[in-house]
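Asks: We have chain A already, so just place chain B on it with the hints.
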Amino acid sequence: MAVRLYKEPKLEDPVLIAGWPGIGNIGIIAVDTLRGAVKAEEFGEIEPWDFFYPKKVLIEDGELKDLEFPINKFYFRKTEKKDLIFFIGEEQPAGIGRAYAEGIKAYQMANLILDVALKFGCRRVYTSGAAVAPIHHTVKPRVWAVPNSGDLVDELRSYENIVLMSDIEERGGQGNITGLNGLLLGVAKKRGLEAICVMGEIPIYFQGFPFPYPKASKSVLDVLTAILGISIEMERFTAIVERNEREIERLYEKFPSEIKEQLDKLRYVTYTKPTEPGPITEEDKVRILEDIDRFFKKEPKED
Amino acid sequence: MGERCPFIKIYGKPELQSSSLIVGWDEDAGRLGTKVTDCLNKKLGCDEFGEIEPAGFFPIDGVLVEDDIAQFPESKFYCCNKENLVFFKSTPPRAEWYKFLNSVLDVAEHYCHVRELYTIGAMITSRPHTIPRELLAMVNSSKMKKMLSQYNIATDTEYETPHGQRPTLSSLLLWVAKRRNIPGVGLWVPIPFYLASTEDPQAWRRAIGFFDERFNLGIDFRDIDEEVIRQNKKLTELANQFPEFNEYVRRLEWNLSLTENESEKLTETTEEFLKKRD
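Protein chains in written order, with the numbering used here: chain A, 98 to 400; chain B, -3 to 274.
Isolated chain A, as found in the complex (with noise of 0.2 Å):
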């Protein structure tokens, strides 16, 4: 069980950014996206046979080749602003049976991850996922941050469209992050470094749904840059969140009409604490969201 480091770029006081897969890929679409709009550049693995299945194998003429497992790799980048590590994982290390990570490969996972990030005297972490919301499609998907430190909450609150836990309605703050994008913020913390996990909404239809959702990954992308402070090029990223929206609209279309009048609801719903009248009256909310909830069985929930 080991980290490979091909070079040790030199590195002043270097954030880290973390990203796996999860519910619609928000996190790690948005994640690697912005490794690669800054051009980071490899340096680094965890040896992936501890902790994967491998996913590919090649036999040519009989003898075989290779055998390829899911990567986890480190890139790094000098910007002006600021220094940059990225992790990119390809799969979490699950326990068995389990879609997410957790129990001792995970937290082993989270160590090594913390280990290099160290090493280059980062300070602080960030991690990315999805945030399963009452919300419609068409709705620009807010963030909800979760920082491991109470120090952080009010640097959070200047950044524009992030929602921390309190501001949600009778969750009076709590909440839990399953996988890799929690663990690393509760191990961080144990370890002396900051970390917040920035997650983009999705609406509670489209949670099992096996498709990406890039419309919360832009709006993770927006937070992200902001609170680094750099600039990237979204245009191309843009389009593939407008093409990725006229999909989702056409599947939209699909839907029995109960189901759309159901969810349609959703529009004019917010369950964030409101700082300003609405368009309907509390009573409606309350009323639409509870019905919602029958007919999903489900609480919002976050990866």
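Just so you know, the hints here were simulated from the structure itself, not pulled from any lab data. Treat the hints with care, since some could be wrong.
What the hints assert, rightly or not - A partial selection of chain A residues facing chain B, derived with a Cβ cut-off under 7 Å:
| no. | residue |
| --- | --- |
| 1 | I156 |
| 2 | G159 |
| 3 | K162 |
| 4 | L164 |
Everything numeric in this text was worked out from a predicted model, so none of it was measured. Glycine included, every Cβ here is placed at the ideal spot set by N, Cα and C.
Replies: This is chain B only, laid out in the frame that chain A set:
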């Protein structure tokens, strides 16, 4: 080793030098892995000498019930001192694959001085039961490929795992063995898809036949041949009762594909008939 690795239990004393390890997995199509290792164990009078404990490699939160019987994972080592062979028969682990497979090779090297590895497994094919079973090999070293050239085995496979699928555990074991400089061969017998969840004695015969030839074991094949004849009779009976079965098989013989519905029907009919008659 048992002291350093509490999940490895060794309770026998194999007396082997430069031995060969043969690995078969339960849950294999046509029960190939289980049948081949069980059959060779029995015919060669092998002794069980160790096992890998399941905790950590398998979910230990109850038991799975299959065909009315509670199942529990088993991972056991057997040896045949006379023929210098080691067998490992196991349920495929559900976690810690790399650690598990290294443990298999640790035992094989430390206690049995293994010098080469063979894995046996089935692959699902659309070729029908009326066509003789082939034996395909995938090697992890050119040395093994050269050795195999004297046997009637296809050794020129080109393969890349299709999207959405994963490599087999045997492929991973061969890769682990390669990293430890243990030459190995993955042997594969294509099994007709409609026999995959039942039994395919022809496939057993083909695989055991190779080991018999390779290690000069002098296996008595009478009981296996009887099994082959018995199943062929059953399938002939099935063809007589269900003309569709005959038609599907003939189309497969001509290399014509079946629709998804036809494939399902062929599988269901065959399974039901064979189970009813067993």
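Asks: Each of the hints needs a verdict: does it hold here or not?
Replies: Tested hints:
The interface hint given for I156 of chain A is met, as the beta carbon of that residue sits about 4 Å from the closest beta carbon of chain B, less than 7 Å. The interface hint given for G159 of chain A holds, since its Cβ lies 4 Å from the closest Cβ of chain B, which is under the 7 Å cut-off. At its closest, the beta carbon of K162 of chain A sits 10 Å from a beta carbon of chain B; the interface hint therefore is violated under the 7 Å criterion. At about 4 Å, the closest approach between the beta carbon of L164 of chain A and any beta carbon in chain B falls short of 7 Å, and the interface hint on this residue holds.
In the structure shown, a violation is registered for the earlier hint numbered 3 alone.
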